[in-house]
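There are 2 protein chains.
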Amino acid sequence: MKIVVVLYPGGKAATSNPKLLGAAENALGLPAFLKGKGHKLVVLTDKEAKLDKHLPDTDVLVTTPFWPAYVTKERIAQAPNLKLVLTAGVGSDHIDLAAAAAHNITVAEITGCNVVSVAEHAVMQILALCRNFIPSYKQVLEGRWDIAEAVSRAHDLEGKTVGIVGMGRIGQRSAIRLRPFDVNLLYYDFRRLTTVEEEVLGVRYHLLDDLIPRCDAITIHCPLTPETDGLFNRDRLFAMKRGSWLVNTARGRIVDTLALVEALKKGRLGGYAGDVWYPQPAPPDHPWRTMPNHAMTPHVSGTTLEAQKRYADGIQDCLARFFAGKPLERDYLIVDGGKVVSPSYSYAFKG
Amino acid sequence: MKIVVVLYPGGKAATSNPKLLGAAENALGLPAFLKGKGHKLVVLTDKEAKLDKHLPDTDVLVTTPFWPAYVTKERIAQAPNLKLVLTAGVGSDHIDLAAAAAHNITVAEITGCNVVSVAEHAVMQILALCRNFIPSYKQVLEGRWDIAEAVSRAHDLEGKTVGIVGMGRIGQRSAIRLRPFDVNLLYYDFRRLTTVEEEVLGVRYHLLDDLIPRCDAITIHCPLTPETDGLFNRDRLFAMKRGSWLVNTARGRIVDTLALVEALKKGRLGGYAGDVWYPQPAPPDHPWRTMPNHAMTPHVSGTTLEAQKRYADGIQDCLARFFAGKPLERDYLIVDGGKVVSPSYSYAFKG
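Quick mapping for you: the protein sequence lines, in order, are chains A and B. According to my numbering, the first sequence is numbered sequentially starting from 1239. According to my numbering, the second sequence is numbered sequentially starting from 1239.
Just chain A, same shape as in the assembly:
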């Protein structure tokens, strides 16, 4: 078998830190795992030309959401031997799932491997916007001490209304972490939770367009699908409460790029944070890098050192089962047997 792995370049950080398993240099621990098994391992950081060169005889392709190799239908057509595409992480929107299904390719991701990591990041970024953390921090670096300027936009999270859009594994974990901040928690998902789930999480259901204008902060936790692509378009961004905060740790394309910049410049939104972009890596001139009142990170929320260990283990588990002809962990499957089997990608997410 020829296994092609596309990972972010780790450089010095990765050679000095073997725990950086998600970097190309450490390759998810696969060199040691595959040793003596007779397979061919190719590790790339190039997501375009070099990947294309290997496609004709690749059996297994491993990619990540943080440094996504876009597995388009054209690339799939060039890979007649491709049987398995694995996402080291969560979120397989960089893969054309319909094309994979049509070619009977199995697609799987390491479900759950970084749901806590992302929920923690979202809560941190909600707090950062609400409390005006970044501008206050910048005063320290600039040798200044202007309390009035720093706190004129600083709020307590307590008592605010927070909306969670997408109430899956990450959304629910965000709710659990937000509850003791004494916030009013609303949510929208295309599948409503059970009565008991709502009671335990302390969340109230609203249709999306009913939820949006009620919230002081909204955090997005749905996958990117044709239905969620552009979900936060200009109309929805401008329907948000004046001065409210939006956090998106899901996927960049869920929010309209230029309408967001406009909403921040006009003060409709009080701030935006998150760590997802389109495309990735974001080019140096991506407009979100320079828009006002943001607290963005590059796509790192789901790839803490602990998360890297979990998804490296998950990839090895998938490969071991695949080599042994056994079925993959059921929860990991996105496309199987010629069909999209994950409910996250097979049901329509509508407002």
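No wet-lab data here; the hints were simulated from the structure. Ideal Cβ placement from N, Cα and C applies to all residues, glycine included. There could be a bad hint or two in this list.
DMTMM-like cross-link-like pairs, simulated, lysine to aspartate or glutamate; straight-line CA separation at most 25 angstroms [as the list claims (entries may be wrong)]:
| # | chain 1 | residue 1 | chain 2 | residue 2 |
| --- | --- | --- | --- | --- |
| 1 | B | K1250 | A | E1380 |
| 2 | A | K1376 | B | E1380 |
| 3 | B | K1257 | A | E1312 |
| 4 | A | K1376 | B | D1384 |
| 5 | A | K1503 | B | E1380 |
| 6 | A | K1288 | B | D1384 |
| 7 | A | K1547 | B | E1396 |
| 8 | B | K1376 | A | E1500 |
Partial list, derived from the structure: chain A residues whose beta carbon lies under 10 angstroms from chain B [as the list claims (entries may be wrong)]:
| # | residue |
| --- | --- |
| 9 | A1252 |
| 10 | L1293 |
| 11 | L1379 |
| 12 | E1380 |
| 13 | G1381 |
Computed list of chain A residues with no C-beta within reach of chain B, every gap over 12 angstroms [said to hold, decoys possible]:
| # | residue |
| --- | --- |
| 14 | H1292 |
| 15 | R1415 |
| 16 | E1437 |
| 17 | P1464 |
| 18 | D1467 |
| 19 | R1559 |
| 20 | E1567 |
Assemble the complex: chain A is given as a structure, and chain B must be docked to it using the hints.
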């Protein structure tokens, strides 16, 4: 009565935002509150020469921890009419309490007015250090996308051991907010909680020097007293786990200034955050502004717009009772009847 109020200068931010009640321009709403009552109100931003000029005939002095007028025994000696010193906020360590007691001056603060604000800030800063937020954010501004560099120091908070030093109103609220992050919570306080309190908060008691080396993160929530001045000295800082994180939203003097810089430079500490300094305002060349791996703010955690409203209301309540000859709210009293009456300031806090 002559009431002298020393507050931070608000400038443009305060004149355009009447909710900035803590700024000198809006003076805690006191101009409207005192109107027609026949008292004289003086509002200062100068904490030194101009304050000294007013001391001889001041009856009531109002100060804040964010822009502290240091009410030393020398200043108290120059103020023969002074009967009441109020702190608009929480933490009256900038006042010489023994001297106030000796002169039969009542000292009170607005207990509880910003305990939630500070607990939120502490949780945010623990997450910011643990998840390596600031360096990741800086990559965005610099037009970069180096996942390896960003995540080589990024961890989940989940599963970590967090120590809370000082388990009063703020420490307990921090514990409540940290619990759902699935952390192992330890604490030290000079007064151990009851069995039921420990069970409800999910915290385990350790003596301070036993707690320190066990923790991945420590957050400080004790008042500044003679016993806590320099509590985190060089020995204790270097007893912390290598690479661990320290957050201090209590008072700057609790941590040894230069030993902290050394601990960060040598990598003993993985990061330091908080928003308290000594002195305040921190001068532009304060060594904490430029030490590595910090995520500091100027002293803002307890003065969100919501907190300003609460402490402005509290100050007005104190003045109304004082003018009417009624006792102040019991929970607010620090020094009364010639004695330090607050347990936070009258019991020794020992490790």
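- Query: What hint numbers does the structure not satisfy?
  - Reply: Hints 3, 10 and 15 not satisfied by this model.
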